[in-house]
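**Q** Produce the complete structure using the sequences and hints provided.
Heads up: the protein sequence lines correspond to chains A and B, in order.
Residue numbers in the first sequence follow my numbering, run continuously in steps of one, and reach 1102 at the last position.
Residue numbers in the second sequence follow my numbering, run continuously in steps of one, and reach 429 at the last position.
To be clear, the hints were calculated from the coordinates, so they are not data collected in a lab.
Even for Gly, the Cβ is constructed at its ideal location relative to N, Cα and C.
Simulated restraints, written as ranges between beta carbons of each label pair:
id, chain 1, residue 1, chain 2, residue 2, range
1, A, Gly1050, B, Gly160, 58 to 64 Å
2, A, Gly1045, B, Glu154, 55 to 61 Å
3, A, Lys948, B, Gly150, 30 to 36 Å
Listed below are the residues making up each chain.
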Amino acid sequence: MLAEKYADRIQKVFAKYPDKRSAVMPMLYIAQEEYGWVSPDGLREVAEICELDPTQVKSIAGFYTMYSEHPKGKYWLQVCTDLACALRGADEFYGQLKETLGVDDGGTTADGMFTVEHVMCLGACDRAPMLQCNFHFHENLDMDKMNALIAQWRAEAGK
Amino acid sequence: MAEKQYPNIIYREKDVPDIRRYEVYAAHDGYAAFKKALGMEPKAVIEEVKASNLRGRGGAGFSAGMKWSFIPQSEPVKYVVVNADESETGTFKDRQIMENNPHQLIEGALICAWAIQAKAVYIYLRGEYMDVAAQLDARIAEAYANGWLGENIQGSGWSCDMFTHLGAGAYICGEESALLESLEGKLGQPRVRPPFPAQKGGGLYGEPTVVNNVETLANVPWIMRNGAAEYKKIGTEGSTGTKVFCLSGHVAKPGNYELPFGVTIRALIYELGGGISGGRQIKGLLPSGGSGPVIRFDGNDDPRLDTPMTYEDFQKLGSILGSASFIVMDETVDMAWVASRITKFFKHESCGKCTPCREGTYWLDKTLDRIMDGTARPGDVDLINNVARNMQGMTLCALGDFAANPILHTIKNFPEDFKARMGAGD
Ligand SMILES: Cc1cc2nc3c(=O)[nH]c(=O)nc-3n(C[C@H](O)[C@H](O)[C@H](O)COP(=O)(O)O)c2cc1C
Ligand code: SF4
Ligand code: FES
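**A** Structure below.
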């Protein structure tokens, strides 16, 4: 249960705002961290913690793209293919990445390791091609660097 | 060629490495401006910022001091909200401020908070800047530890708190009223105005609120330390101070360049930015990411490249300076493709609250898809023009205009790129 396990963090979040509703976004992040995605249990618990209706929480989770309403691979790779990156080779890079992992846009590898998807500008357009892995930035990439990262992540996961 | 020296007001880490650290910032005039402001009447602080003619760096270029002066002092609870949503393609300047010179943002926001007597400051960062927010939280903690935040700040009798808040991936939350909704834990959809954020009923939790961009507030400590008169010596009459130009696309050296307003486009792209990649010719420039009209250039000798970079001069070029997110495109770029990319972005980011934007972006995208895949029908360009014109000025927030402008201007400025894709008869 989130309320017990993350009691300290939840208290700190509540201390920021004059009302509990404002805490819904930080709480959804906590739920996602715990369950790997915003699961039905996570939604229900967040609603209880923030004293909101579960359908309201669900619509908020659905509005924002960083909350995942489906389970993702262990490493969630979000490649920017927005205009400024596309001008610097992001489409080609993303194509090669998908080929290397053998998945389509939005897909997850059979071993559950990687989910890949294209996203809009991430605020690193001068360092394209770039991606975000579980919300951490990796910039100035090429396929050599990418293969090394993939190997490193596989080693970390023991796969 | 020796690089010309320009003043660094924002990116002070260029002159003072490690200025991100509290001790270093404090040793280099850090918080001196806030201390000075605390010794002044809040009203006098607003007057000084107004006199500097500091204009908002988030895109619209509205006078910061004027905005602060709209806050009704009679209201007991007021807020400052820092817009660190930075989601426009080609924009990556605020992140560098928060990473490398965070205390200057904190100090600027504090001066604003004192000037309007705010109860708290919220810094709204796009969710993808999670790591940046974690660092910023540590800097804010340093400011508390050194008595710049919290209860009875520096014995002034005034108390103020500062918090970060993470968005979660929605471009529309950069629009100030959507941002406030999001901060209140609701869907990030723009509000009907009036009331405006500065008014009772229009701001955060219904209280009068100043919303300013990160870069705007990061200018404030310098202004308070050196005075409005000194600030106005930098830049031009209508565009005072420096501006961060985010340079991306087909240039040899992309990155952030802080320059006084009035430096030419040519100096930015060809001297600082190392010119067009591969020695090719320039074809177009998007000066405000995807949301401003594209400017046409006929190669590297186009005299219009000597235009000074100011709000005024970019209007004369038929565009806007906006957030100064310069996406440079060389001669190989197909402007129909650019229009289609931008349109896909806005279709994806339209919050759906009003019909002209929701439906308009859908139809623009659909029609551009036809043009791109070679199945364009006669009249499709006219259709696009019609749909886009019916969006302009008809929507609840400026995203509708943002979505209409780029297409209208790519078609107007690069008709040949569209003609090439249209079948016979159009
Ligand atoms: C669709 C849309 C997106 C916007 N995104 C941002 C943004 O990411 N950052 C920002 O500072 N302003 C953004 N703005 C402008 C804000 O609404 C607001 O004008 C700005 O934060 C005011 O700050 P300033 O006066 O200091 O520029 C956006 C506006 C619109 C209509
Ligand atoms: S113009 Fe578009 S983004 Fe703005 S409120 Fe209307 S539908 Fe939403
Ligand atoms: S366009 Fe890719 S990070 Fe900005």
